[in-house]
Amino acid sequence: MSEADTAWIETALTSARPQAVGALLRYFRDLDTAEEAFQNACLRALKTWPQNGPPRDPAAWLIMVGRNVAIDEVRRTRKQQPLPEDDQAISDLDDAEGALAERLDGSHYRDDILRLMFICCHPGLPATQQIALALRIVCGLTVKQIARAFLVSEAAMEQRITRAKAKVAEAGTPFETPGAVERSERLAVVAAMIYLIFNEGYSASGDTAEIRKPLCEEAIRLARLLLRLFQSEPEIMGLTALILLQHARSASRFAADGSLILLDDQDRSLWNGTMIAEGLALIDKAIRHRRSGPYQIQAAIAALHARASTPEETDWAQIDLLYGALEVVQPSPVVTLNRAVAVSKVRGPQAALDLIEPLAPKLANYFHFYGVRGAFLMQLGRNDEARIAFDRAIALANTSAEAAHIRMHLDRLIRDSQPKGANGGARQDAKVEGAKVK
Amino acid sequence: MLYAILCYHDEDFVGSWSKDQDETVMKKLAVVQEGLAKQGRLGPVARLLPTTAAATLRKEDPPLVLDGPYAETKEQLLGFYIVDCKNLDDALDVARDLGAANPGGAYEVRPVGVFSPGGNLK
Numbered sequence: 001m002s003e004a005d006t007a008w009i010e011t012a013l014t015s016a017r018p019q020a021v022g023a024l025l026r027y028f029r030d031l032d033t034a035e036e037a038f039q040n041a042c043l044r045a046l047k048t049w050p051q052n053g054p055p056r057d058p059a060a061w062l063i064m065v066g067r068n069v070a071i072d073e074v075r076r077t078r079k080q081q082p083l084p085e086d087d088q089a090i091s092d093l094d095d096a097e098g099a100l101a102e103r104l105d106g107s108h109y110r111d112d113i114l115r116l117m118f119i120c121c122h123p124g125l126p127a128t129q130q131i132a133l134a135l136r137i138v139c140g141l142t143v144k145q146i147a148r149a150f151l152v153s154e155a156a157m158e159q160r161i162t163r164a165k166a167k168v169a170e171a172g173t174p175f176e177t178p179g180a181v182e183r184s185e186r187l188a189v190v191a192a193m194i195y196l197i198f199n200e201g202y203s204a205s206g207d208t209a210e211i212r213k214p215l216c217e218e219a220i221r222l223a224r225l226l227l228r229l230f231q232s233e234p235e236i237m238g239l240t241a242l243i244l245l246q247h248a249r250s251a252s253r254f255a256a257d258g259s260l261i262l263l264d265d266q267d268r269s270l271w272n273g274t275m276i277a278e279g280l281a282l283i284d285k286a287i288r289h290r291r292s293g294p295y296q297i298q299a300a301i302a303a304l305h306a307r308a309s310t311p312e313e314t315d316w317a318q319i320d321l322l323y324g325a326l327e328v329v330q331p332s333p334v335v336t337l338n339r340a341v342a343v344s345k346v347r348g349p350q351a352a353l354d355l356i357e358p359l360a361p362k363l364a365n366y367f368h369f370y371g372v373r374g375a376f377l378m379q380l381g382r383n384d385e386a387r388i389a390f391d392r393a394i395a396l397a398n399t400s401a402e403a404a405h406i407r408m409h410l411d412r413l414i415r416d417s418q419p420k421g422a423n424g425g426a427r428q429d430a431k432v433e434g435a436k437v438k
Numbered sequence: 001m002l003y004a005i006l007c008y009h010d011e012d013f014v015g016s017w018s019k020d021q022d023e024t025v026m027k028k029l030a031v032v033q034e035g036l037a038k039q040g041r042l043g044p045v046a047r048l049l050p051t052t053a054a055a056t057l058r059k060e061d062p063p064l065v066l067d068g069p070y071a072e073t074k075e076q077l078l079g080f081y082i083v084d085c086k087n088l089d090d091a092l093d094v095a096r097d098l099g100a101a102n103p104g105g106a107y108e109v110r111p112v113g114v115f116s117p118g119g120n121l122k
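If you read the sequences in order, they're chains V and U. Taking our numbering, I'd label the letters of the first sequence as residues 1 to 438. Taking our numbering, I'd label the letters of the second sequence as residues 1 to 122.
For the record, the hints were derived by calculation from the structure and aren't laboratory data. Positions of the beta carbon are idealized from the N, C-alpha and C atoms, including for glycine. Where hints are given, some of them may not hold.
Pairs of lysine-lysine residues, derived as DSS-like cross-links and limited to a Cα-Cα distance of at most 30 Å, are as follows [as the list claims (entries may be wrong)]:
1. V:K213 - U:K19
2. U:K28 - V:K47
3. V:K345 - V:K362
Some residues of chain V that are not near chain U, with every Cβ distance over 12 Å (derived) [said to hold, decoys possible]:
4. R29
5. Q39
6. I71
7. A147
8. S184
9. A188
10. D207
11. T310
12. Q330
13. L359
14. G381
15. S400
16. L410
Just chain V, same shape as in the assembly (with noise of 0.2 Å):
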């Protein structure tokens, strides 16, 4: 059995697992013993499967592997404890698996999952919690890898999907199906959760950029099963479209050095054109709906950066008018800042700072604010205002490559307002990346 032959197997467990946690989930009615027996059941596959070939549907197989296992676990440790119903030992699995993946039907396998999900995004739990415990539970990541995504230690990960565990069961989710509103709720909140852990992934800085790139591959990944269950949800396509599109431009947005490479500068023939394509058609099919949301209208921006071959033809004139837009349906002063990049491309600097000035009292501790402030005086040659709304950004920096980046402006700043003749203003080539997923 060479290593190439186990990486399929695997596979097959990885693509297997939300939906074999899930029923399991439902079966059990507890986390713990849910993970306990389908990690049970993965160790039997593992043994078995090289030999056998693997089974006809390897979800069915591990649900049932793993409630056998946790069965024959509770005879064990209680011998006088009834055990659940419909718990008919099965010997011979060959047989079984066919009738338990008929009773697996569609609708069970979608409540499954989105149970599986909404139990990870409780509203109790902070949101670097349930990103937490979603990449463990659902994912299937090591609490190793979750530690070294969020650059913490793995003790540390370890306590807090502990805790967020135990206060998931203490809250006593309720495990009916889901009715057609509950379901339409939960919808928003796995999709709010999947959108987090992109951004996670999406805001890390050039040295972390690469460490946290899985983070972006999973919510890709849980996003496509969310709409592969919810097919005709337009918002679960623009939320897939979205973090395509943004994810497309990975591997241009950070410079050798780490440093963040903003969007008019990025080389786009590093953009990934296959994960573009398909953000492009899901966005295409979501508008048809004529349902707007906050997902498809930032994937629709997102798709008019995509769409320019060069920085020149984006449509700014458009993209203002979907941030006015957002703006409607989702009011944010950070919205209205971005909103800004797009005015001052499509009117001018002065009407883009007359535009975000009123958001100064509630961005006063938001690092982009400064940044974007800065460009737009420095483009009106107010070179000293520039330089102050700089060192305020540079003071609130998240990453060093954010610090970095504004640090570059200031340089230029400093050079070009040396006495040098007339023109001795920074002229247009201060830039901000508009339409940052955030």
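Add chain U to chain V, keeping to what the hints say.
What follows is chain U alone, placed relative to chain V:
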């Protein structure tokens, strides 16, 4: 006789391949394709985007556009080949060769009634 060889597989499974795993499969498939191409037997080859990017037009009056692939099955159509084969056995042999390079899933082999090579495509 031309045969269409349709590639079916579980999207969950293929979707969870790493970039390396995916590239390994593609390289092995390319070897089979090269052999056929040298014999002048290989027509267009396509790999399709995930089924989530699909829409289905139902030919009702008026026509109805639905999201998703034509049918909900465990395995999805991921792409297809157009290969010149003498008969079904010959086409099955080609499918077997392709299958050896690409674990799991299935190929649907079906004679082609109308063929357009799409020579103007880029």
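These are the hints, each one checked on the structure:
Note on K213 (chain V) and K19 (chain U): the hinted pairing holds, with a Cα-Cα distance of about 13 Å set against a maximum of 30 Å. Of the supplied pair hints, the one linking K28 (chain U) and K47 (chain V) holds, its CA atoms being roughly 27 Å apart against a limit of 30 Å. Proposed proximity of K345 (chain V) and K362 (chain V) is supported: the alpha carbons are some 24 Å apart, at most 30 Å. Once the 12 Å rule is applied to beta carbons, R29 (chain V) is consistent with being away from chain U; the minimum gap is 25 Å.
In this structure Q39 (chain V) is separated from chain U by more than 12 Å, as the shortest Cβ-Cβ distance comes to about 17 Å. No Cβ of chain U comes within 12 Å of the Cβ of I71 (chain V); the nearest lies about 26 Å off, and the non-interface call holds. At roughly 21 Å from the closest C-beta of chain U, the C-beta of A147 (chain V) stays outside 12 Å, upholding its exclusion from the interface. Non-interface call for S184 (chain V) relative to chain U: holds, since the shortest CB-CB distance, roughly 16 Å, exceeds 12 Å.
Here A188 (chain V) stays apart from chain U, with its beta-carbon at least about 19 Å from theirs, past the 12 Å limit. No beta-carbon of chain U comes within 12 Å of the beta-carbon of D207 (chain V); the shortest separation is about 21 Å. At the 12 Å boundary, the C-beta of T310 (chain V) stays outside the reach of chain U, the nearest C-beta of that chain being 20 Å off. Its beta-carbon lying about 24 Å from the closest one in chain U, Q330 (chain V) satisfies the requirement of being farther than 12 Å from that chain.
Even its closest Cβ contact with chain U, about 37 Å, leaves L359 (chain V) beyond 12 Å, as expected for a residue assigned away from the interface. Against chain U, the non-interface label of G381 (chain V) holds: every CB pair exceeds 12 Å, the least being about 47 Å. No Cβ of chain U approaches the Cβ of S400 (chain V) within 12 Å, the least distance being about 28 Å, so the stated non-interface status holds. Under the 12 Å C-beta cut-off, the non-interface status given to L410 (chain V) relative to chain U holds; the minimum distance is some 38 Å.
Checked against the numbered hints listed earlier, the structure breaks none of them; every hint is satisfied.
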